[in-house]
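Q: In the order they appear, the protein sequences are chains B and Z. Residue numbers are given in full-length UniProt numbering: position 34 of the first sequence equals residue 34, and the series is strictly consecutive. Residue numbers are given in full-length UniProt numbering: position 35 of the second sequence equals residue 35, and the series is strictly consecutive.
Misleading hints may appear alongside valid ones.
Said to hold, decoys possible - Straight-line distance between alpha carbons at most 25 angstroms, and here's what the computed DSS-like set of lysine-lysine pairs gives:
#  : chain 1 : residue 1 : chain 2 : residue 2
1  : B       : K14       : Z       : K165
2  : B       : K28       : Z       : K92
3  : Z       : K92       : B       : K14
4  : B       : K31       : Z       : K36
5  : B       : K6        : Z       : K136
6  : Z       : K92       : Z       : K165
7  : B       : K14       : B       : K52
8  : Z       : K36       : B       : K6
9  : Z       : K92       : Z       : K36
10 : Z       : K36       : B       : K28
It is worth saying that the hints were derived from the structure and are not from the lab. Keep in mind the model is a prediction, meaning the values are calculated, not measured.
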Amino acid sequence: MAFAWKASGLTYNKYLSVAARVVRRSLKDDKRLAAERRGEMELKFAKWNNGKQGEVKSVADANAAAATEAASHTS
Amino acid sequence: MNSLRIARTALRVRPAAIKAPLQRRGYAEAVSDKIKLSLALPHQSIYKSQDVVQVNIPAESGEMGVLANHVPSIEQLKPGLVEVIEESGGSKQFFLSGGFAIVQPNSELSINAVEGFALEDFSIENVRSQLSEAQKIASGSGSEQDIAEAKIEIEVLESLQSVLK
C-alpha cells in the first residue's frame, strides 16, 4: 500500500503523532486542555566532546530538522 | 519403525477419547461466543480484557467486524470510528487516531492507539475550523513536510467530520 505521508519522507511515528495531535485539538475545550498536555515534549540533549558539554538542543527541534533534511534527500 | 509404533498407539487411544465428549457435553466445553477486548491508549485502558460481542474496526484494508473465533491477524488502523457491541446489546463508539488491532487465536482482540475518545467528547466547531486551516496549508506554498502534515490532518478531520454528522 502506498501512503502519501510515506512518499513525502515522514515516518510512521511522525504520522501517528500528527494524527493524535489533530484528534486532541478536535476535542471539546475542557477535555482538550487536559489532553493537549500529553502531546508536549520537552526533552533536551547535548553532545559531549573531550569532556565538555556541547550546545543543549531540543529533541523535537532536532528531529524536525533531521526530517526536513531526509525529505529533501529523497525527493 | 518407532514412529509407526506411536501411530498405532495413537489409533488405539483415540476411540475412547472421542467417545467421551460425544456422550455428555458439560458447560465447560461449550465454546464462548464472546471476544475479549483490550482497548489501550498510552495513558489509559478503555477496555481491559472485557467480554464483548463484536468490534467493528477501520482497518487500512477496509472496515471489518471482529467476532469470537476470528482468524488471527494484525491490522493497521486508519484514523476512524471503532464500534464496540457489548454483552448487554448496547454499542459504544470511539474515535481512534490510528494504531493497530491484533486478533489473537484465543478470541482475544487488542487494539492499540495513541488517542481515542468517545464521540460525544468532540466538538464539531473545532473540527471545522481546523479543517479549513489544514486545507489552506495543504494548497499553500509551505515546505513539503508542512504540506504532508496538513494532508494527514485533513484525512483525520474528514473522517472525524463524517462520523460526527
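Q: Hint by hint, say whether it matches the structure.
A: Going through the hints against the structure:
{"no.": "1", "hint": "B/K14 to Z/K165", "result": "violated (29 angstroms)"}
{"no.": "2", "hint": "B/K28 to Z/K92", "result": "holds (19 angstroms)"}
{"no.": "3", "hint": "Z/K92 to B/K14", "result": "violated (29 angstroms)"}
{"no.": "4", "hint": "B/K31 to Z/K36", "result": "violated (28 angstroms)"}
{"no.": "5", "hint": "B/K6 to Z/K136", "result": "holds (21 angstroms)"}
{"no.": "6", "hint": "Z/K92 to Z/K165", "result": "holds (16 angstroms)"}
{"no.": "7", "hint": "B/K14 to B/K52", "result": "violated (32 angstroms)"}
{"no.": "8", "hint": "Z/K36 to B/K6", "result": "violated (33 angstroms)"}
{"no.": "9", "hint": "Z/K92 to Z/K36", "result": "holds (15 angstroms)"}
{"no.": "10", "hint": "Z/K36 to B/K28", "result": "violated (31 angstroms)"}
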